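Starting from the two chains in their separate frames, assemble the complex, guided by the hints.
So you can see what is in the structure, the chains are spelled out below.
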Amino acid sequence: MNLFSFFRRRRSAPVARERLQVLLSHERGNGGDSELLAVLRDEILRVISAHLTIDDDKVQVKLERGQAVSLLEIDIEVPGRLDQQIRKRRRPAGPPLLPAPST
Amino acid sequence: MARVVVVTSGKGGVGKTTSTAALGAALAQAGEHVVVVDFDVGLRNLDLVMGAERRVVFDLINVVQGDARLHQALIRDKRIETLSLLPASQTRDKDALKPEGVAKVIAELREKFDWVICDSPAGIERGATLAMRHADIAVVVTNPEVSSVRDSDRIIGLLDSKTERAERGERIDKHLLLARYDAVRAARGEMLKVEDVLEILSIPLLGIIPESEDVLRASNLGVPVTLNNPASAPTRAYLDAARRLRGETVVMTFPSQKRSLISRLLGRKAIA
Ligand SMILES: Nc1ncnc2c1ncn2[C@@H]1O[C@H](COP(=O)(O)OP(=O)(O)OP(=O)(O)O)[C@@H](O)[C@H]1O
Ligand SMILES: [Mg+2]
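Sequences listed follow chains A and B, in order.
Each residue of the first sequence is one higher than the last, beginning at -10 in the numbering used here.
Each residue of the second sequence is one higher than the last, beginning at 2 in the numbering used here.
Keep in mind the hints are simulated off the structure, nothing from the lab.
Once the Cα atoms are required to be at most 20 Å apart in a straight line, the calculated EDC-like pairs of lysine to aspartate or glutamate come out as: (1) B/105 - A/45; (2) A/51 - A/24; (3) A/47 - B/112; (4) A/51 - B/68; (5) A/47 - B/68; (6) B/79 - A/62; (7) A/51 - B/82; (8) B/79 - A/64; (9) B/95 - A/16; (10) A/47 - A/66.
Covered stretches of chain B, as calculated for chain A (at least 3 residues, CB under 8 Å): (11) 54 to 65; (12) 80 to 93; (13) 220 to 227.
Among chain A residues calculated to face chain B with C-beta under 7 Å, some are: (14) 2; (15) 12; (16) 26; (17) 27; (18) 50; (19) 53; (20) 54.
Bear in mind that the values here come from a model prediction, so they are computed numbers and not experimental data.
C-beta: ideal position from N, C-alpha, C; glycine also.
If we strip away everything but chain B, and leave its shape as in the complex, we get (with noise of 0.2 Å):
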C-alpha cells in the first residue's frame, strides 16, 4: 500500500528539500517506486535540487486545474528509473492550489506509487497545511537551533490536528530528521545535543544528518546527495533513515567529531 509522506519544518531554510530528494532517491535505489512532489508553489526549487529544471513542462497546478494530465507532469528521473518528480508552479499564486484537486492528484499518485513524498513550503500557511494534508507519515526536519525546534513544536501541533488522519481520530507517523548537526560545535556546548532536542520534541529519531559540503556539492550539480556521493557521511544518514522509513531497525550512528589536519598530525582529536 501506498505511504504518503511530508517533508515539513516551519522554519525556512532547514533542509526539506535536500532531504525531500535525498529520502526520495534512496527508496528509489531500494527499488521502491517513488515521487516526490513539490509543494512550493511560487519558489520551487525541487526540480533543481533534482536536476529535472530544464525539463519540467507541466506542474502541480496544472494538474489540479485540469490543464494537464498527471502523466503528462511527471518527470521521471534518467539515474534512477523508478523516481519521478511533479514540480510545483513557478509562476501561478498560492491560491491556485485547491484542496479539492490536491486531493485527487494525492489519490491518484496513490495509485502510481509506493511512496508519494511532499516537500513541503516553510511556514504554516495554505502551502504547508495543504502538503501535510493527505500524509500517513511526517518527516519533520529540525536544525539543532532554537527557533527551528521551537517551530518543530509547532508543526507538530498542526499534524496532530490539521491533517486528514488526525480528523478521523487517526495516528500520523512523525519522526525527527535532523539536519545540519555539527558534531563539533555541538560537542564545544554550541549547539543544541540530540538528546536535547529529542528529549523537547519527543518523536522519535529517524537520522542525523551532518552538516557538511557535500550537500552543497550535490545540488550545484542537481544530483540528490544520496546519487552523487555514496560514501559521503550525509549520504550514509540519508541511506539509514530511507531504512528506517520502509520499517527496518537501523542502528542509529551519530556523526563524528571531524579531526582537524593540525590534531590529526599531532594524533590527538580535535575536541576531547
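Bound-form chain A, shown alone (with noise of 0.2 Å):
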C-alpha cells in the first residue's frame, strides 16, 4: 500500500454518501419522477411536432439529477434545415397545444 491509495482509501466513503443522499433526495416521496418525466417528454414533443415532423427514434431525453439542481435535457434531431422542416400552418384543426396569450 503505497501513500497515494491509502488517501484513495479514505476519500470513497463520503463520496458514497454523498451519492446516496442524492439519490435518495429524488427517490423518497412520489416514487421517484420517471412518470412525470415520461409526460414532460410527451407534452414537450407534442408541442414541437406542431410545427416540426419528428422521429421518435432521433429523441433523446438525458437527465443529471442534482442535489441543488437538475438539467433535463430533450435533444431532438431534426433533418436538414430547420425552415425546410416547419409545417406551415399545416395542424389539422382543434383545440390549441398552448393557451392563447393573454393580453
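What follows is the structure in C-alpha cells.
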C-alpha cells in the first residue's frame, strides 16, 4: 500500500454518502420521477410536432439529477434545414396546443 | 452474432451485480459493444454500481410496456463509449415485467450489441427466470460456502429446464464464477476449496474472484472495479474471466494467500 492508495481509501466512503443523499432525495416521496419525465417528454414533443416533423427514434431524453439543481435535456434531431421542416399552418384544426397568450 | 449472458446465483448477495458491472466493463474495454441489463425490479442497484444512478430516465419496464423507446432508456457510460446500461424499475412491481415484452426487448438488444449481460435478482421467482429465459450463456456466481453452492445447484437445474434454449433441446453454456474467495480461510480449512465446489457443481470454471476491499471501494465510487483499480487482484480475475467468455484460453490463476505484515517482516508466509 502506497501513500496514494492510502488517501484514495479514505476518500471513497464520503463519495458514497454524497451519492446516496442525492439519489435518495430524488427517490423518496412520489415514488421517483419517471412518470413525470414521461409526461414532460410527451407534452414537449406534442408542442414541437405541431411545427416540426419529428421522428421518435431521433428523440433523446437526458437527465442529470443534482442536489441543488437537476439538468433535463431533450435532444431532437431534425434532418436538413430547420426552416424547410416547419409545417406552415398545417396543424389540424382542434383546440390550441398552448393557451392563447393573455393580453 | 450477439450473445446473451445471464449472471445468476439463486442466493442473494454473492456478487452478481458486482460481476455484471465488472464483466460488462471488461468486455467493453476490449472494444466489444456491451449492454448490462438490470432485472432486479423494485431493488435495482446496477445503476449505483455503474455510477449512473443520477442519469436514469426510463427503465426496462417503461420499454416493455411501450412507454419509452429502447434507445431512450439506454444510458451510455461516460467512461467507456461501447458500454450501456438498461436500468430496472425501482417503483413498479415485478408483475409488470411481461415475458413477451422481455422477449421483444432482448431481441432488439441483440441487434444493437455484441453482448447483452443480464443481472438476475436473487431467488428462483419470476424475475430470476425471466432474466435467464433468453440466455445463451450463464455465469453462475457462487461463494465457497454451503448454502450458496446448494442454491447454485438449484439454479443450474433451472437453466437446464426453464430457458428457451433448454426448451428447444439446445445446450446452454454454463460457467462457474467463484466470488468472494478468501485464500487464507480456504487454506485454514474454514471455507470450501475451489476443487470442492467444482466437483460438486461440475460446470467449467470461468474465474476465481478474491474477496477484496477494492470491490467495496469501487462500488462506493460507482465505478466498475476493472476501471477503478486496473492493477487490483479482482480486476485481474475479472479481465481474465472476460477473456475466457470471449473464447480465449487463459491460464487460471489462483488467488494467492496474502501475507500479513508481521509475517512479511519475519519473512514467512502467514499460512504455511
Ligand atoms: N469480491 C468481493 N470482495 C468483497 N466484497 C464483495 C465482492 N463481491 C461482492 N462484494 C460485496 O458483496 C455485496 C453484495 O454484492 P452484489 O450486490 O454484487 O451481490 P448480488 O449477488 O448482486 O446481490 P443481490 O442478490 O442482492 O442482488 C456488496 O456489498 C459487494 O460490494
Ligand atoms: Mg444484485
